[in-house]
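A.B. asks: Protein chains in written order, with the UniProt record's numbering: chain A, 1 to 658; chain B, 1 to 658.
Hint data in this document are derived by calculation from the structure and do not stem from the laboratory. Glycine is no exception: its CB is placed at the ideal position from the N, C-alpha and C atoms. Among the hints, a few may not be true.
One-sided excerpt, in silico: chain A residues whose CB lies under 10 Å from chain B [unchecked claim]:
| # | residue |
| --- | --- |
| 1 | 69 |
| 2 | 80 |
| 3 | 144 |
| 4 | 271 |
| 5 | 272 |
| 6 | 314 |
| 7 | 361 |
| 8 | 401 |
| 9 | 413 |
| 10 | 637 |
Number of protein chains: 2
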Amino acid sequence: MTDNNLYLKQMSIDVEKARQSASFRIQDMNKLLLNNSYDAHQKAKKIAESEPVFDKFPMHFKNRTEQLAHSLKMAKRLIELEEEHHLNQQEFNALVLYVDMLNPLSLHYSAFMSVIQAQGTPEQIKKWYDPAKRLAIIGCYAQTELSHGSNVAGLKTVALFDEKTDEFIIHTPDLTAAKWWIGGLGVVSTHAVVQAQLVIANKSYGPHLFIVPIRSPIDHKPLPGIIVGDIGPKAYGGFATMDNGFAIFDHVRIPRDNMLMKFAKVTREGKYVAPVHDKLSYGGMVKLRVDIFADAGLKLAKAATITTRYCTVRRQFGPNLETPVIEYSSVQHRLMPLISIAYGIYITSKDLYGQFEALTKQLEVGEAQSLPEVHATSCALKSWGTRRSTDGIEECRKAMGGHGYSIFSGVADMFATFVPSNTYEGDNYVLSQQVARFLLKQLASQKQVYSSAAYVKEDVKLLPIKSHEQLLDPNVQLALFKARSARLVRQLAQQLQVGHSWSEVSVECWDINFAHAEYLVVHSMIQKAQQVKSTPLGDVLKRLTDLFCLHYLATSATFLATSTVSPLELVKIKQAYHQTVLSIAKDAIPLTDAFGFSDRQLNSALGRYDGRAYEALWEAVQKNPINHDEAQRAQLTKLVFDILHRRDNLSYIQAAKL
Amino acid sequence: MTDNNLYLKQMSIDVEKARQSASFRIQDMNKLLLNNSYDAHQKAKKIAESEPVFDKFPMHFKNRTEQLAHSLKMAKRLIELEEEHHLNQQEFNALVLYVDMLNPLSLHYSAFMSVIQAQGTPEQIKKWYDPAKRLAIIGCYAQTELSHGSNVAGLKTVALFDEKTDEFIIHTPDLTAAKWWIGGLGVVSTHAVVQAQLVIANKSYGPHLFIVPIRSPIDHKPLPGIIVGDIGPKAYGGFATMDNGFAIFDHVRIPRDNMLMKFAKVTREGKYVAPVHDKLSYGGMVKLRVDIFADAGLKLAKAATITTRYCTVRRQFGPNLETPVIEYSSVQHRLMPLISIAYGIYITSKDLYGQFEALTKQLEVGEAQSLPEVHATSCALKSWGTRRSTDGIEECRKAMGGHGYSIFSGVADMFATFVPSNTYEGDNYVLSQQVARFLLKQLASQKQVYSSAAYVKEDVKLLPIKSHEQLLDPNVQLALFKARSARLVRQLAQQLQVGHSWSEVSVECWDINFAHAEYLVVHSMIQKAQQVKSTPLGDVLKRLTDLFCLHYLATSATFLATSTVSPLELVKIKQAYHQTVLSIAKDAIPLTDAFGFSDRQLNSALGRYDGRAYEALWEAVQKNPINHDEAQRAQLTKLVFDILHRRDNLSYIQAAKL
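Please build the complete structure, drawing on both the sequences and the hints.
C.D. replies: Now the structure itself:
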């Protein structure tokens with residue numbers, strides 16, 4: 001067998017050729033995408049590339065406990081590197097993004113510490129935040145219960161105030177109220193912020209937050225009255241590195257001071273002091289959705305990078321060397337829109353972060369004018385982005401044919417771990433109702449409305465689509481996306497007016513959420529393309545924006561259903577769409593290179609930068625322990641013999657010389 | 001904590017109430033669905049329910065090697081039970097369906113043995129089929145290569161005839177030609193049927209089949225010149241119980257007699273004798289797709305059963321006990337159409353099996369008139385069914401909220417293991433082109449066309465849709481599905497006429513495939529509903545058919561794009577759709593009960609027959625080894641201490657009394 005064959009050589013040549021023919025400078029695009037965090041990403045990557053513990057390849061062969069163990073080692077190394085290299089927050093964030101793997105400490109930082117900081121008094125912050133920062137305690141955030149998720153008001157865990165001892169009694173009244181799914185609780189956490197119904201003298205004051213010690217930080221044993229453990233494996237092998245846990249509290253006593261009292265308070269005498277501004281704590285929830293939306297872009301970008309590279313080097317059918325599959329329209333039409341969607345999310349999430357920062361500044365001075373808008377925008381983009389991204393990742397996997405189903409494709413892990421984002425931090429269907437309500441409110445408002453939703457009241461002018469040029473006009477594009485969404489909102493208003501209940505229109509809310517989110521992305525993309533219009537990136541960003549628009553115009557039923565587009569216009573749209581797909585396909589390798597992922601970050605045999613996918617698959621397979629671990633082989637061979645040598649088979653085999 | 005709470009009690013009551021209010025007899029429907037295999041299924045279930053090795057629950061905590069080992073034990077037990085209970089073929093098939101788990105012997109039966117039987121001479125059948133039947137050898141079917149999948153003609157493995165020794169030399173010319181993905185080859189098989197390019201005296205005769213010994217059936221060691229092993233884990237943890245393998249052949253010599261010679265032959269003198277009928281061997285490929293289509297229904301039916309039960313007992317929001325989520329339209333609109341699709345596949349696959357049996361009889365007497373039609377029908381239904389089923393299974397999982405992401409939901413496994421069916425036995429996109437070609441051929445034909453495609457030439461009359469009744473008229477329903485598909489086919493013909501290439505129209509082929517398949521299913525469902533019209537099942541089957549039709553009419557963009565439906569008519573369609581969804585929702589529990597799955601078959605905490613989902617989750621979690629295996633716990637705790645007790649943290653913790 002000679003490996004120097006034509007096909008294998010051609011693979012590296014193909015991917016390099018595609019790279020060389022870029023219509024723009026790849027590094028410039030990478031800088032534009034990463035914005036002001038470019039330097040931090042470079043620094044983080046340089047540090048991380050040489051760390052053996054960040055190599056995710058061995059995870060493929062580990063069982064759940066081994067994966068959890070490995071992720072704890074990763075977490076420890078992250079902490080050490082932060083100290084060793086004196087990383088600032090942006091650099092540390094970039095390092096965490098480089099590793100891109102959940103670990104049992106993820107929520108210690110993003111939920112436990114941030115909730116204490118946001119909702120604790122200065123004394124509480126000193127008492128809990130400081131030890132948390134030095135990791136003398138490890139915490140989690142315990143809200144969800146076995147049978148209570150989306151409906152926070154319906155939580156059943158209680159915190160009874162005992163005036164005699166100045167304590168709260170944390171109690172789980174029945175199995176349905178067991179805390180469940182709590183990340184970090186299953187194996188690792190010493191403490192939890194627990195959402196519980198505050199009860200004083202038989203009166204309930206709704207859910208509040210309490211710091212509850214779970215395990216001793218000294219011997220790590222569960223504390224008295226607490227049953228705690230890991231809830232088991234998750235779908236698709238996802239979240240294997242996270243110890244989602246359960247906890248049941250049997251009259252567990254904590255000091256009164258353990259209630260987070262920046263806003264609401266309970267006095268020594270058992271008097272409840274209501275918060276002045278109850279919405280000031282909403283910032284954290286918005287932040288989680290903003291982060292998830294950005295993550296949707298990151299994950300889709302990785303899948304698109306891998307798939308673009310493999311489809312560039314993979315050949316099927318055709319003469320001689322066969323045809324690279326990326327030249328097939330079925331591959332292009334699945335893959336190119338996903339590249340434009342990933343760009344759309346990157347660009348839009350930058351705008352969303354900007355809006356969130358402005359909101360944070362408002363909240364800090366006790367104001368909340370833009371909260372409804374940023375809330376609705378983040379809900380719309382979170383539900384749209386997570387759905388498009390996870391559907392897109394799985395479509396990428398399918399577009400790679402048979403090998404897409406190998407774990408070494410690297411794409412399945414992303415779907416497995418990101419797909420629950422459709423459900424957590426607000427189930428997408430639940431969020432879509434909030435988006436629809438917001439837009440209906442704008443439609444009904446007599447006052448000035450939020451700018452992102454102003455279009456629902458606009459009298460959008462649509463001219464018949466007769467030419468290709470029209471479809472590439474940003475004003476026409478915006479008008480089409482505005483008109484569709486506005487019409488859907490008005491249809492919903494009518495349905496509610498004639499007596500439909502909210503539970504009857506949840507499919508309509510879903511359509512509205514998607515239409516609104518796609519309008520928001522088109523808006524951000526057009527703005528960005530115009531900003532860089534006169535630079536070398538202007539042309540390709542314009543084409544990506546066109547592709548995003550044309551893809552949805554050509555494929556989304558709601559444009560036709562709302563008569564925003566007619567079947568006749570659809571013919572023109574499809575022609576323009578086909579052309580734009582072709583134009584982006586020529587830049588597909590550079591566009592995905594520009595996301596800037598290293599081979600190690602992608603952890604994919606198929607998506608190698610140098611195109612040597614088949615050699616990488618071969619190398620990966622050699623490391624499979626089933627092929628060389630003697631104990632495993634002996635165990636399996638014995639079982640094969642139990643079948644093969646049944647009864648008199650062995651003498652039969654020998655006689656027949658099989 | 002008391003577990004006798006209202007919520008938990010209500011769960012069993014809810015599911016039982018839904019069962020009692022069935023509009024039909026559940027057992028009658030089960031008989032209708034299983035048709036003439038009802039008794040075999042009952043017998044198989046009775047045997048299997050008490051077999052400990054068929055309990056799949058422990059698989060959740062096993063690593064890949066342990067899962068493979070367990071599946072070998074299952075395989076052995078299947079063989080023993082067949083013998084112990086003298087099962088006939090139908091009963092054994094029912095038993096295999098009960099277990100519903102791939103094992104390393106699956107392809108020994110479905111591919112290795114059946115290929116030998118179909119393509120071997122009587123002497124070859126005697127020599128290989130008989131030992132295979134008694135499992136003195138275990139075989140696999142080695143076609144796919146590392147870089148050659150869909151394109152069989154492009155396979156690179158060669159079989160050179162050596163006239164001197166009367167042998168074939170099987171050789172892998174380079175890495176890209178390594179056999180790859182071969183089920184059963186990785187760990188278990190002793191023999192393989194290998195597809196290789198037959199070469200005689202430097203002349204190539206295309207791919208032919210050869211029996212190649214791989215491992216000694218005595219000591220199970222790989223034979224000289226063969227590198228063989230397991231290709232590693234698969235996406236989503238799927239196919240963990242199957243040892244997909246690779247093999248590289250270095251000039252491996254086999255006797256000339258090892259070429260399967262029922263059709264093509266090579267004589268002692270090296271003369272190639274071409275087959276008389278080259279299509280007579282196509283029956284096997286069609287059979288695989290027919291089986292996959294039926295399996296799509298089985299898998300979707302299981303997911304729908306689990307989800308329907310859990311959504312009936314799960315409550316969120318609303319007053320008092322909160323509202324069962326199955327009453328939300330967003331849940332109904334996702335779930336009810338999936339139930340109708342599962343019924344559609346069950347019913348249509350019975351018709352497809354009938355067509356396949358008729359074809360088999362033709363092929364046996366050397367005729368093949370209906371081959372093109374059955375081929376196209378099976379391609380269309382396979383690609384449509386696998387896509388709808390796997391998308392549907394994942395939608396079921398999402399519809400269950402947070403717990404859908406637990407491995408104990410039981411739904412993720414189905415997606416993980418069934419999703420590659422979109423790719424194998426013909427990638428869906430590749431198959432859709434064959435469907436489109438078939439339909440185009442019918443359109444262009446001057447002769448009589450196949451009945452399943454006759455509509456492409458029909459002048460279908462569509463009257464404006466003005467009433468609800470119209471939409472429930474089977475003739476109107478059929479006309480709409482015919483018209484859409486016919487229009488798409490004619491549009492494609494035009495595109496090709498004006499010079500578009502086939503690679504430019506693959507998205508159009510995809511739409512045609514789906515439109516044609518949905519027409520076929522509507523046709524089968526209408527027929528079945530009319531057959532049982534006067535029985536107690538008539539009403540509900542009619543409603544299921546209506547739902548299937550209305551679901552696609554309301555949601556598929558191609559009805560609007562082809563002007564088969566106008567935006568104005570869509571309003572009427574949606575009203576009818578909403579009503580039909582509601583009517584099916586009332587029968588959702590009985591309709592899914594009627595699939596007849598036992599709790600053990602579903603292996604789902606959430607989908608328990610008695611509705612006790614939360615208690616089952618609690619029990620499942622208690623079995624998680626991370627919670628009780630002392631060695632695993634010690635390993636993890638040590639790593640936690642590596643973080644928690646860093647530097648002087650331990651004394652800090654003690655001083656601060658944390």
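A.B. asks: List, from low to high, the hint numbers that the structure doesn't satisfy.
C.D. replies: Violated hints: 4, 5 and 7; rest satisfied.
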